[in-house]
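Residues in the sequence shown are numbered from 1 upward in steps of one, following my numbering.
Be careful, since some hints might not be right.
As a list, the in silico BS3-like pairs of lysine-lysine whose alpha-carbon atoms are at most 27 Å apart [claimed, not checked]:
#1 K231 - K119
#2 K282 - K161
#3 K282 - K191
#4 K234 - K282
#5 K282 - K231
#6 K282 - K119
#7 K157 - K191
#8 K157 - K287
#9 K161 - K119
#10 K234 - K119
#11 K287 - K231
#12 K191 - K287
#13 K287 - K161
#14 K231 - K161
#15 K157 - K282
#16 K287 - K119
#17 K119 - K157
In short, the hints are calculated from the structure, not lab data.
These numbers were taken from a predicted model, which means no experiment stands behind them.
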Amino acid sequence: MPPDLAFNNPEALWALLLAPLLLALAFWERKRRATLRFSAAHVFAKGGRGFRTYLLPLLPILRVAALVAAVVAIARPQSRDSRVRDLSVEGIDIVVALDLSTSMEAGDFRPQNRLNVAKEVLTEFISGRVNDRLGLVVFSGAAYTQSPLTLDYGVLKEVLKQLRTRVLEDGTAIGDAIATSLNRLRDSDAKSRVVVLITDGDNNAGKISPLDAANMAASLHIPIYTILVGKGGKVPFPQGTDLFGNTVWRETEIPINPELMQDIADRTGGEYYRATDPEGLKRGLQKVLDSLERSKLMEGGASATYKENFHPFLLVAFGLAALELLLRATVLRVFP
Numbered sequence: 001m002p003p004d005l006a007f008n009n010p011e012a013l014w015a016l017l018l019a020p021l022l023l024a025l026a027f028w029e030r031k032r033r034a035t036l037r038f039s040a041a042h043v044f045a046k047g048g049r050g051f052r053t054y055l056l057p058l059l060p061i062l063r064v065a066a067l068v069a070a071v072v073a074i075a076r077p078q079s080r081d082s083r084v085r086d087l088s089v090e091g092i093d094i095v096v097a098l099d100l101s102t103s104m105e106a107g108d109f110r111p112q113n114r115l116n117v118a119k120e121v122l123t124e125f126i127s128g129r130v131n132d133r134l135g136l137v138v139f140s141g142a143a144y145t146q147s148p149l150t151l152d153y154g155v156l157k158e159v160l161k162q163l164r165t166r167v168l169e170d171g172t173a174i175g176d177a178i179a180t181s182l183n184r185l186r187d188s189d190a191k192s193r194v195v196v197l198i199t200d201g202d203n204n205a206g207k208i209s210p211l212d213a214a215n216m217a218a219s220l221h222i223p224i225y226t227i228l229v230g231k232g233g234k235v236p237f238p239q240g241t242d243l244f245g246n247t248v249w250r251e252t253e254i255p256i257n258p259e260l261m262q263d264i265a266d267r268t269g270g271e272y273y274r275a276t277d278p279e280g281l282k283r284g285l286q287k288v289l290d291s292l293e294r295s296k297l298m299e300g301g302a303s304a305t306y307k308e309n310f311h312p313f314l315l316v317a318f319g320l321a322a323l324e325l326l327l328r329a330t331v332l333r334v335f336p
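Let's have the full structure, built from the sequences with the hints guiding it.
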């Protein structure tokens with residue numbers, strides 16, 4: 001094997017041992033079917049052998065060749081990139097706790113509501129990461145882990161895109177959200193572990209008080225960066241739709257608690273930010289990053305990257321299989 005060639009699933013290559021067996025079985029079956037009993041076989045002696053007779057053995061060969069190409073494709077051959085990248089990188093373990101209570105439907109960030117703006121800003125935030133592991137906890141009346149810590153930003157953005165209000169029981173369980181986030185970070189080996197709490201309201205649900213959860217974070221040396229979203233006071237809130245399908249808005253009082261957000265940040269060594277518009281939310285997240293200490297997530301060293309080469313083998317497999325089926329149905333059709 002060339003030194004620059006590798007297989008991601010080498011165990012699949014064991015299936016190639018079946019190829020000679022399948023080929024021998026196909027020829028044996030063909031020979032068995034061709035053995036007919038005639039009382040006067042000399043009648044057929046004068047008939048010459050046409051080109052179809054010579055091409056018939058091609059059918060099992062094509063089928064087995066297609067199988068071999070498919071097996072190689074499944075084994076995922078890869079060629080090593082000549083460029084070697086340094087793995088001595090720094091990163092942070094960050095869990096974002098995002099509020100999904102119905103108050104996040106408020107329209108003070110119109111034309112979008114608070115949640116959609118938060119999702120857009122978080123998507124940009126994720127896109128700007130390189131080596132930071134990110135996790136996502138969502139909460140309203142209860143808190144749940146939506147994504148554990150991961151470097152797969154594409155999956156995380158897809159998860160974020162699917163988030164909606166009115167899926168969980170309503171309420172704002174800030175304490176539970178912090179505790180769930182801490183559980184995601186408890187076993188992390190990263191030097192820098194942080195929680196980013198994004199909410200628009202006051203704690204009114206859950207089993208754990210926010211300050212008890214903040215004290216837990218302080219004991220684990222995990223700072224919490226709190227971002228309070230929304231303008232506060234009376235804000236436009238959707239009340240359904242009119243006869244023409246347009247959203248009906250009504251000024252509604254949504255309680256906030258900036259003092260609690262400040263207290264949580266102070267107790268844990270984090271910082272508190274207030275976001276009254278989309279740009280304010282972006283600035284808050286950027287300030288969080290600027291405040292953090294980088295930590296080594298991976299040992300120094302070098303690692304080669306690999307290019308996938310299974311596509312040609314997959315095309316060959318499909319092509320050979322299609323050719324075999326075409327010949328079998330046309331010029332090499334065999335009648336029982």
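Output the numbers, in ascending order, of every earlier hint that fails for this structure. none
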